[in-house]
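There are 2 protein chains.
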Amino acid sequence: MKLYGYFRSSAAYRVRIALNLKGVAVDHVPVHLMRDEQRRPEFLAKNPQGLAPALELDDGSVLTQSLAIIEYLDTLRPEPRLIPADAVLAAKVRAVALAIACDIHPLHNRRVVGYLERELKQSQAAVDAWIRHWILKGGLEAIEQLIAPAPFCFGSSPTLADVFLIPQMFSARRFAAPLEHLPKLRAVEAACAALPAFAAAHPSRQADAE
Amino acid sequence: MKLYGYFRSSAAYRVRIALNLKGVAVDHVPVHLMRDEQRRPEFLAKNPQGLAPALELDDGSVLTQSLAIIEYLDTLRPEPRLIPADAVLAAKVRAVALAIACDIHPLHNRRVVGYLERELKQSQAAVDAWIRHWILKGGLEAIEQLIAPAPFCFGSSPTLADVFLIPQMFSARRFAAPLEHLPKLRAVEAACAALPAFAAAHPSRQADAE
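Protein sequence lines correspond, in order, to chains A and B.
Position one of the first sequence corresponds to residue 1 (the working numbering), numbered consecutively onward.
Position one of the second sequence corresponds to residue 1 (the working numbering), numbered consecutively onward.
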């Protein structure tokens, strides 16, 4: 399998963690978002959304959307399970992943920040305030109330919630969002950082890191 | 079960369709988003994100995030299946739902439009352009290329993709996004409108409709 990704993409980072937790090796193909490689015809033919990541299977099928890719991996290689077998717990785990995937990350990804800067002529200060607002309000501050670290978001082993939380915490720090008032999230972050599967997926450790 | 929703909320509309397709009856509890009822302490105690919908189970557990709720319903009541058994097809179905849930809807929901208007002092024309841009670019225009209606997004019965697409088409029309160049999406829309489960979930047919 080939993973089309970018070292700093939050969504690609999620997929890298899931692959590492499951011990699935893939070829990593960098798509340089700062050079708009995701808008080139050859990439759009694989993913018409023009977004990373995309997972190309050995038969040429291309899967898109990080959560759909990770659900696929969890079916293909069920151990360790990232989505608990209990249906109510599974819903709570998926809700944390979705709060990040739907309500935080899309509001500060590159295309949206670019629109604020170019089309809406917003200052750097206004863009930074926008990014920090959506990372925290109804975002990480709500997730702080939805989890009960032990030491991972939902118990003694990582789930989909942790797989989504860690890249979002990385982005939060990159954009200097204050996190002092979120002790549960910081505890989960520390627990995950100690696991090789999370550490090896970190943006700074990718071949295309700059 | 109780569904906390709002007639015009795209995310609540998805859950209503799924409940109808599965023949699951719930009590509908309106949360009036225009009166900010989702920010009241009693609702925040159920969903710290302050977003609709939320599904309260009979034991008092509260599930949030429309996709997590629908995945729960698909496990609880597997017929008719909204997520195909085949893992690759399931990933393609989920990817369409996620393209809507992550990359279209959150960019034009009420809290974001409110921020553009109040904090960024954007004109109505600029807000309308923003909304239509994100509905179409990398959004519905990409989804048009990801589906092969027959007559539903992925075959002869509705899946999660249709459940997410129909409320987004409703929003696209509400915000006057041009859809003439998207014949596949319009064909799916027509096929779904003919099914009672979709028709009964329409915003105009809810008790709290205005």
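Since the hints were derived computationally from the structure, they do not count as laboratory data.
Please note that a few of the clues may not be correct.
Since copy identity is lost for identical chains, a pair holds within one copy or between any two.
Unchecked claim - SDA-like mimics (lysine to any residue), calculated; alpha carbons at most 25 Å apart, straight line:
(1) K121 / R111
(2) K46 / A85
(3) K184 / R39
(4) K46 / A187
(5) K137 / L116
(6) K137 / E117
(7) K121 / E210
(8) K184 / Q122
(9) K137 / N109
(10) K137 / V113
(11) K121 / D27
(12) K2 / R111
(13) K137 / R110
Unsatisfied constraints (hint numbers, rising): 7, 8, 11
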